[in-house]
Amino acid sequence: MLEATSFHPARRARAHLRMAARAGGHDVHRVEEVLDLVGLRGDAKRKIGGFSMGMRQRLELATALLGDPDVLVLDEPSNGLDPQGIAWLRDFMRYLAGEGRTVLVSSHLLSEMAQTIDDAVIVSYGQLRAKGTLAEITAGMTGRVMRARTPEADRLSGVLSQAGVAFRRLGPDEVAMDGVQPEQVGPLLATNQIVLYELVQEGGDLESVFLSLTAGLGFGDPASTAGAEPEPQPQPGARA
Amino acid sequence: MTNAIRAELIKMRTMPGVWVTLCLALPLTVLVIVGVLVAAGDSVPGHTFNHVHTLRQQRELLGAGYFGILVLAPIMGVLCVTGEYRHKTITTTFVLVPIRVRVLVAKVAATALWAILIGLVTLATVAAVALPWNAGLGGVTTQVTDQAGAVVPGLLASAVLLGLFGLGFGTLVKNQVAAILLTIGGSLILESLLVALARAIFHYDLNWLPNAAGAALAGDIARGFGGGGGRGGERLLQWWQGGLVMLAWGLVPLAIGYYTTFRRDVT
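Protein chains in written order, with my numbering: chain A, 1 to 240; chain B, 1 to 267.
By construction, these hints were calculated from the structure, which means they are not laboratory data.
Hints are not guaranteed to be accurate.
Chain A residues, not near chain B, derived (Cβ > 12 Å throughout) [to be verified]:
#1 Thr102
#2 Leu109
#3 Asp178
#4 Val180
Here are the simulated DMTMM-like cross-link-like pairs (lysine to aspartate or glutamate), alpha carbons at most 25 Å apart as the crow flies [stated by the list, open to error]:
#5 Lys88(B) x Asp265(B)
#6 Lys174(B) x Glu191(B)
#7 Lys131(A) x Asp70(A)
#8 Lys131(A) x Glu99(A)
#9 Lys88(B) x Asp82(A)
#10 Lys174(B) x Asp265(B)
#11 Lys88(B) x Glu76(A)
#12 Lys88(B) x Asp75(A)
#13 Lys47(A) x Asp82(A)
#14 Lys47(A) x Asp70(A)
#15 Lys88(B) x Asp43(A)
#16 Lys131(A) x Glu207(A)
In this text, a Cβ means the ideal position worked out from N, Cα and C, and glycines have one as well.
Sequences and hints are given; from them, build the entire structure.
Now the structure itself:
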């Protein structure tokens, strides 16, 4: 499925689907079926130029479904959707998966995806960072990462290095510490009288996992990993 | 291939610009009909209009749509391809039909059919306006319709090749406005200037440019309005030579456009 801007604005929804069915060599009778599937039957005679983003996404989905595919590849399908549209899309993807289809979704809206997906693959800079079921990927993360925001990030980095704590610089005033608990970090900070604005134990949600796995790979300060231990390469087997 | 052509035909008939272009064939044809009947009236003192009486006038009246075809068929070709880039539908097109040469061939077929439709609209306009008007002025309708064999094939063939000409430049340029200016402005304005310069400086009949080649293919009907005669009676190519030259004017930019633009990645 392509982005929802690839439409001629003057073309009507049904005409677009008929055209796509012809071009793809599909049965044109599928047009009415997919219009029903995505709930656009009542708008089939309307020009696409008057469609909302959500309706365009539905039409794009209908186009992808014309060939009754076993595998659907959706690229950022929830981009620009309102909350109702996102909820609809979530239910629809579950419905398609329930029919026995494989739905592959690429998205940066990780918290949204976490509500929908069964399995996740995290890719960053062309490298596979993690794969497995959502539970497998997030299981080992809960309580593993502490994020500190401080005006003394450089001094904190030195203290952590001395204490042998693995850390990563997320930004000029942010440091992520791996494999530690608040009970270990708190006393260390107090002893060294480091001013803190924020100390957060990152949860085991998909977004945190993603940020943890991709930190220091080009986001923020390029020298962010200086002084840190090599980043662990998580494997689903190790996490599960 | 049939599916790709049918998809292109659906695209064409769902673009408002295509219908506007088709509808413009009517007033442009009427304009030329008026011109032909006024020209026929020149020989009769005191009459603004007169019925056609020479063979050339009869053919010009029947082929009064040529000027409209000359202007509109290239636009039809341009719209067929540049609309895809303008509205970013080209990505969908290439996803649905990954073999790009197949897309291009389908566009050639769709453009040809719509160009023929322009030709048929002009002929219908002639039947609805020119023939009754000519008869009302005292002309004999069968004298005009008897020229159908000499006029209609050339008219429709030039429509197809002029459409191909527009499609070729549309594929090459991609930008809709630029492609229309290039094809219409180039053939109607720039060509006239070049022809005049070639005649004045080199005493050479520059008769292989698109307008003149199309006029040669269309035969006598084109001489009075935009064709050879309008520019001082230069020697036109033979009709078949004109056809081949027009074919080249369509195929060469189409081939260059295919290799330089159409085969490129789209996002």
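Hint by hint, work out which the structure violates, then give me just those numbers in ascending order.
As far as the earlier hints go, only 14 is violated by this structure.
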